[in-house]
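4 protein chains.
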Amino acid sequence: MPHSIPVGVLGASGYSGRELCALIAGHPNLSLAFATANAQRGTTLRVRAGNAVHAIPLVGADEVDLSSAELVFAALPHGASAEWVAKVIAAGARVVDLSSDLRPGFGGSGHGAPAGVPADAPYGLTELYREQIKGARVVANPGCYATSILLALLPLAKAGLIAPGATVSIASASGVSGAGASPKLELLFAEVTENYRAYSVGNSHRHLHEMRATMTELGVDCDLLFTPHLLPIDRGILSTITVPLTRPVGDAMAPFRDAYANEPFIELTNDLPALTEVAHRNVLRLNARTPQGVRAPTMLVFSALDNLVKGAAGQALQNANLMLGLDETAGLPR
Amino acid sequence: MPHSIPVGVLGASGYSGRELCALIAGHPNLSLAFATANAQRGTTLRVRAGNAVHAIPLVGADEVDLSSAELVFAALPHGASAEWVAKVIAAGARVVDLSSDLRPGFGGSGHGAPAGVPADAPYGLTELYREQIKGARVVANPGCYATSILLALLPLAKAGLIAPGATVSIASASGVSGAGASPKLELLFAEVTENYRAYSVGNSHRHLHEMRATMTELGVDCDLLFTPHLLPIDRGILSTITVPLTRPVGDAMAPFRDAYANEPFIELTNDLPALTEVAHRNVLRLNARTPQGVRAPTMLVFSALDNLVKGAAGQALQNANLMLGLDETAGLPR
Amino acid sequence: MPHSIPVGVLGASGYSGRELCALIAGHPNLSLAFATANAQRGTTLRVRAGNAVHAIPLVGADEVDLSSAELVFAALPHGASAEWVAKVIAAGARVVDLSSDLRPGFGGSGHGAPAGVPADAPYGLTELYREQIKGARVVANPGCYATSILLALLPLAKAGLIAPGATVSIASASGVSGAGASPKLELLFAEVTENYRAYSVGNSHRHLHEMRATMTELGVDCDLLFTPHLLPIDRGILSTITVPLTRPVGDAMAPFRDAYANEPFIELTNDLPALTEVAHRNVLRLNARTPQGVRAPTMLVFSALDNLVKGAAGQALQNANLMLGLDETAGLPR
Amino acid sequence: MPHSIPVGVLGASGYSGRELCALIAGHPNLSLAFATANAQRGTTLRVRAGNAVHAIPLVGADEVDLSSAELVFAALPHGASAEWVAKVIAAGARVVDLSSDLRPGFGGSGHGAPAGVPADAPYGLTELYREQIKGARVVANPGCYATSILLALLPLAKAGLIAPGATVSIASASGVSGAGASPKLELLFAEVTENYRAYSVGNSHRHLHEMRATMTELGVDCDLLFTPHLLPIDRGILSTITVPLTRPVGDAMAPFRDAYANEPFIELTNDLPALTEVAHRNVLRLNARTPQGVRAPTMLVFSALDNLVKGAAGQALQNANLMLGLDETAGLPR
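Those sequence lines, one after another, are chains A, B, C and D. Be aware that the first sequence starts at 1, since it is given in this note's numbering, and climbs by one per residue. Be aware that the second sequence starts at 335, since it is given in this note's numbering, and climbs by one per residue. Be aware that the third sequence starts at 669, since it is given in this note's numbering, and climbs by one per residue. Be aware that the fourth sequence starts at 1003, since it is given in this note's numbering, and climbs by one per residue.
In short, the hints are calculated from the structure, not lab data. Check the hints yourself; a few may be wrong.
To be verified - Covered by chain A, according to a simulated footprint, are these stretches of chain C (three or more residues, beta-carbon under 8 angstroms): (1) 837–849; (2) 857–868; (3) 896–902.
Unchecked claim - List time: in silico DSBU-like cross-link candidates among lysine-lysine, alpha-carbon distance up to 30 angstroms: (4) B:Lys421 - B:Lys468; (5) A:Lys87 - A:Lys134; (6) B:Lys518 - D:Lys1186; (7) C:Lys755 - C:Lys802; (8) A:Lys184 - C:Lys852; (9) D:Lys1160 - D:Lys1136.
All figures in this text were calculated on a predicted structure; none of them were measured in a lab. Note that beta-carbon positions come from the ideal geometry of N, C-alpha and C, so glycine has one too.
Put together the whole structure using the sequences plus the hints.
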């Protein structure tokens, strides 16, 4: 085992931040230099890793020496993250930013990267940008929905199967942890239990920017129609994706087997994926079908992941492993 | 108030059958002549209606005099219903059949209507076939998914808005009561809680037959791509429907306001419908949007209903009211 | 039908206040004069009653003419209610106060009844204080836990069965709606689902005061040991109560049949009560048993109610019916 | 690392059996020789262990060579287990029996140990019988409720604090996985969600036998009054225990600190334990309080565990570790 590499977490009190702390605590090559949570400073966060419980002191962001870490995970609110990314870079450390601040498609007023933040931070969709991530100082970690959808579309894009000009219709459903740990009326148990509804419909969700930018980058000229829904569960995202194809496909799974033959965190299944199968794991489970009774060549793709792991903290750690020259799979639950 | 009309329920131990008994108990013009449940014969079913609880004796189907009812609700398993429909007709009573046996699109081997069952029983989608239902002796009550989807497509079909040859993509999610009250491993609490998954995908669900037949009847040449999902809730169906349009539409709600101006059980909303809003009510709540960033004219429609009420027992009673010459809204919760 | 009596609701945005508005909307003899909710003033509250939906305009408490109502329900936070009770009395109307401010056992610093509030407002446990409630201008409506527990102990107290000096051990479990509609971290869906825990243990819960005072009033010298728990459900309280007896009892249900023979809202059951059986109903379901293998004479009592109905709004309306000379059961769901 | 010791699982398709397979797959010193599940023979069970997924072939019990394992876990239904224990012993292997067949208090008609099963198999409450377990060939693993309750009473018994002749009142609540993976109507999601109820009340639960026998063995002359409840969650048991004491106790936690100072799987907490804190862990979390306002010296004890881990498979593995001379904590999640 190499000596332990110190890493830090900014924003350790949110659901993603806590998940990061747990993963770091169980990582064979990393140690936790600091974990910040301004409102909870002075308290202790307990996380489980492997077969043990770890007690992590939470401190204020203004109390830490950013240079004590070789890499920092920024799990801060959207809009508040970019300035901390700049501070971390100035301190000489690498950064994985879990906010949307540096993701492709952003950069408008209010979201422009401040001085000191590279404009070309790779987008941390590991399976697509693995080589760019390896040498990066800053990586913009994808959104949870974006991960579940782009990993389902990527093999079809590479195979030239997505019909140009067509609309890819995406119905995703997410557990409530995706909405964060801030108390809001609509996230109270009494409001969510026995309920189900869509939200941010009509292509108004934040994650569309990075999805569209990535499809463009892949040279695919399609329209995305993305409709998220809120599930009465804690964690997990299932995306049900209808893809108009350029031509009929006999074996719907073939493009996925081709693209993901050697991917450690993609599970191609014969059955339809279910959310309990991916909870607490850094995997995306995927199944694809060609439906009967539809004249236009069409594919249905189902992808499932844990929004806090493969959709956030796990993928962030996967990227950090690459940035630090470690085994990509180190410390990641499968 | 007219004197009370006797009605019967075949199959009162399932979730739909119980809901029927409760609605009948609270109906101002109906009385319950009998309620059968072979495996529970001799026991008592307790249901709530209005502000009171009613105790209903359950008897075997072979014990009842079918002619003691003017109308019988058949809430029996698919495949087992048609023969009982024939018996009821022979006994001189009217029937609302909640199974799929007599629905449009059925009639193949194993599902053919037996001797004594009219081949042209109207399909009980009340808002579409109200006039035919009024004089009918037999009505084939729609499936729960079919109701939620067809009522969302009907106004667009009438307005000529559904693009010919196109694929209408439908992602529906249902509570577990839709799967019935038979003990199955995959319906155990421990298997459903914190879970979500698709099932019967690739256009393999039973309800597709009646949906396709109805679209054809409406003169719409489109393909349906229907994907149901199982929600960790008791009751409710939300359908999220992507409709390719023949032309751009400025006001997405206009076709629905036109079609449903006087419908007592259709609620057009400004907000996105949620399942808790329709629980225990005989309503379909609906909202439609035209999404941004999609070049092809497209509409998103969201419809919510209670699968046991507007999706089954409530709609059955709505049809029975019409068949018996009663006020269509009598005894139905809004 | 008598002409309709105007009543008002102070605090209509909380879970109890909304339940009150729904019950009033469905009441045959009452009309809603006003419903206040300061933070939501100007919005509309939709509630279901009978087979219809009612739209209720929410106004600020400072906007209403309290004298426009013959009776006002105060569903305000503990500590904030007493001053409004005084205002209502000054305006000439009657009051049912759902807060703890006027309940027996309170009156200490910070909770003293202000000038203008009668010090002897009857405690609104209807089954015990029905006669006093009939003529009252102000009634202190009981807490939800207190209702579930006192109604279980009352018949045993009247029969002289509770062992003097002994400890009555009470384990209650409540759905989250009992904690109100204010956003708090510990009430988020992600914190409550798949969880269960005790709280306010060691006899520290607010409702103990009224329970102890009532037991003293009944002449019973026992100690209560009350432990509430938080359930991952929306509504309902189940209390499991261990009562040391003065003597062995052959038929555990006999004291309850004696005491509650003519009570319209008490259901004595042969089976153990379950929370889904009482949801949305103004009933308390109760079963009692004498356990095997315990030498000291002991009774186990199980009581179930809906914390928002029989535990709050329903009981409040039951009291209001008595105060206004109406049929006690009017407008109350059974 | 020593070479791997082969162990087998009889009954791998139930919830406890699956948990056992997962724990064994992740154990540093054990390998899985076989896993039987008669109805699922020929299928593959997938379990997660550490950061990997393992595929386990399920075979019929009649297909396995019992002597291929050094130790066998019998996770068979109550009544069906004892004969398999005898077969395993005859084959020369050790056994941890998770059924109630060999537990103290059993042995009546229908439950007598068959020929070949030792009458004095130690009861596998590890913290109490660690020394006897170390050399045992057969261990009777405790029930889940019994574990949660006995570990809470043990320190008080040892300290002579439980009042002789008194009644210890126990209200426990369990997730549905404790009822097993057999499809039953009352365990369907639609029956359990939003519900809560007691069952097996009046001291009729199977686990009372082993609890009473253990208290007698400890020389405590008290009566247990045990009331289990069914929670709408997957896994976890919380026991709320009222203990009449021989004398007042200043520091309620002191007896527990004394008894459990060196126990690796007992967590003494300052806060009240919650079920999400113990899920998937082999720990019992415990807090004790002395309530105010109760004249008789009394203690309230709260204990929480995962019924499938510390309440079943985890404790079974803890015992197996001792029987095989391994580190007691090997392979057990904390």
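Here is what the structure says about each hint:
1. 837–849: holds (count 4)
2. 857–868: holds (count 6)
3. 896–902: It holds: at least three residues are needed, and the region 896–902 of chain C offers 3 whose Cβ sits within less than 8 angstroms of chain A.
4. B:Lys421 - B:Lys468: Measuring from Cα to Cα gives roughly 21 angstroms; hence the hint holds.
5. A:Lys87 - A:Lys134: This hinted pair holds, its Cα atoms lying about 21 angstroms apart.
6. B:Lys518 - D:Lys1186: holds, 8 angstroms
7. C:Lys755 - C:Lys802: holds, 21 angstroms
8. A:Lys184 - C:Lys852: Holds, at about 8 angstroms.
9. D:Lys1160 - D:Lys1136: holds, 22 angstroms
Of the hints listed earlier, there is not a single one the structure fails to meet.
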